[in-house]
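Asker: Let the sequences and hints guide you as you build the complete structure.
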Amino acid sequence: MYPATFWFWVGDVQFKVNNWAFWKTLVYVPGGWGKMAEAAVSEYLVWLPLGMGAALLRRNRIAILGLVNLAACLILPSWPENMISDLRYIYPVMIPLTAGVFLWAKEKGREEVIGAVALASIAAVLTQLDYHPKLLVLIIVIVGLWAALEVKRTK
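For the sequence shown, this note's numbering assigns the number 273 to the initial residue and increments by one for each residue that follows.
I should point out that these hints are in silico values taken from the structure, not numbers from a laboratory. Note that CB positions come from ideal geometry on N, CA and C, so glycine has one too. Do not take every clue at face value.
Derived DEER-like restraints, expressed as beta-carbon distance ranges [stated by the list, open to error]: (1) Glu379 x Phe287: 27 to 37 Å; (2) Val340 x Lys427: 52 to 62 Å; (3) Leu348 x Val397: 16 to 26 Å; (4) Arg331 x Gln286: 43 to 53 Å; (5) Ile394 x Ala344: 26 to 36 Å; (6) Pro321 x Arg360: 13 to 23 Å; (7) Ile394 x Val423: 18 to 28 Å; (8) Leu417 x Leu329: 15 to 25 Å; (9) Phe287 x Ile414: 45 to 55 Å; (10) Glu384 x Trp292: 35 to 45 Å; (11) Gly325 x Leu391: 32 to 42 Å; (12) Gly283 x Gly325: 38 to 48 Å; (13) Val285 x Ile394: 40 to 50 Å; (14) Trp281 x Arg360: 21 to 31 Å.
In the DMTMM-like style, the derived pairs of lysine to aspartate or glutamate whose C-alpha atoms are separated by at most 20 Å in a straight line are [to be verified]: (15) Lys406 x Glu310; (16) Lys296 x Asp358; (17) Lys288 x Glu353; (18) Lys427 x Asp358; (19) Lys296 x Glu310; (20) Lys307 x Asp358; (21) Lys427 x Glu379; (22) Lys288 x Asp358; (23) Lys424 x Glu384; (24) Lys296 x Glu353; (25) Lys307 x Glu353; (26) Lys424 x Glu383; (27) Lys424 x Glu379.
Answerer: As structure tokens, this is what we get:
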């Protein structure tokens, strides 16, 4: 724990890591919400908004656990300049949110659609092309819509 400051435990004053957190970037940095959104899309593509949708719209308990974990992760140390790399530490948030998306898809009978979106997400990352996350999100959305139309057409 030392040299960090934690609750009543006073650490080394030279240790500056705990002086800034995710929530401070959102509140105090101009454009902090935009930086967080851009970093989230860059790291997790479509899974964060889909997971939040599963939690908020369907009251999926596993996805709600992800939102509770998100509240806990907002106090983790982070600098605004390191937002993208620091978002890699929110896997405890993303795992339940993503599981909630798959359970929501199963509940709605849309396993094929979410499977196509998952494969498009994997292909977007593993192809090692120039990484343009916003363009990749557009491609993933198009693949998801195409899969949904195909499933609807074949039923």
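Asker: Would you mind confirming whether the straight-line C-alpha gap from Lys296 to Glu353 stays at or under 20 Å?
Answerer: holds (13 Å)
Asker: Could you say whether the range 16 to 26 Å given as a hint is met by the Cβ separation of Leu348 and Val397?
Answerer: holds (24 Å)
Asker: Between Val340 and Lys427, does the C-beta distance stay in 52 to 62 Å?
Answerer: Since the Cβ atoms of Val340 and Lys427 sit about 36 Å apart, the hinted range of 52 to 62 Å is violated.
Asker: Hey, Lys427 versus Glu379, does the alpha-carbon distance stay inside 20 Å?
Answerer: holds (17 Å)
Asker: Take the C-alpha atoms of Lys424 and Glu383, compute the straight-line distance between them, and say whether it is at most 20 Å.
Answerer: Since the Cα atoms of Lys424 and Glu383 sit roughly 12 Å apart, the hinted pair holds (cutoff 20 Å).
Asker: Compare the distance between the alpha carbons of Lys307 and Asp358 with 20 Å, and conclude whether the hinted pair is satisfied.
Answerer: At roughly 12 Å apart (the allowed maximum being 20 Å), Asp358 and Lys307 satisfy the hint.
Asker: Using the beta carbons of Glu379 and Phe287, state whether their distance is inside 27 to 37 Å or not.
Answerer: violated (47 Å)
Asker: So does Ile394 sit 26 to 36 Å from Ala344, Cβ to Cβ?
Answerer: Taking Cβ atoms as reference, Ile394 and Ala344 lie about 28 Å apart, which means the hint holds.
Asker: Lys424 and Glu379 were given as a pair; does the straight-line alpha-carbon distance stay at or below 20 Å?
Answerer: holds (16 Å)
Asker: So the hint says 45 to 55 Å: do the beta-carbon atoms of Phe287 and Ile414 match that?
Answerer: holds (47 Å)
Asker: Quick check on a hinted range of 32 to 42 Å for Gly325 and Leu391, using CB atoms only.
Answerer: violated (20 Å)
Asker: Is the Cα-Cα distance between Lys307 and Glu353 20 Å or less?
Answerer: The given pair, whose Cα atoms are some 9 Å apart, holds under the 20 Å limit.
In summary, the structure is inconsistent with hints 1, 2, 11 and 18 from the numbered list given earlier, while agreeing with the others.
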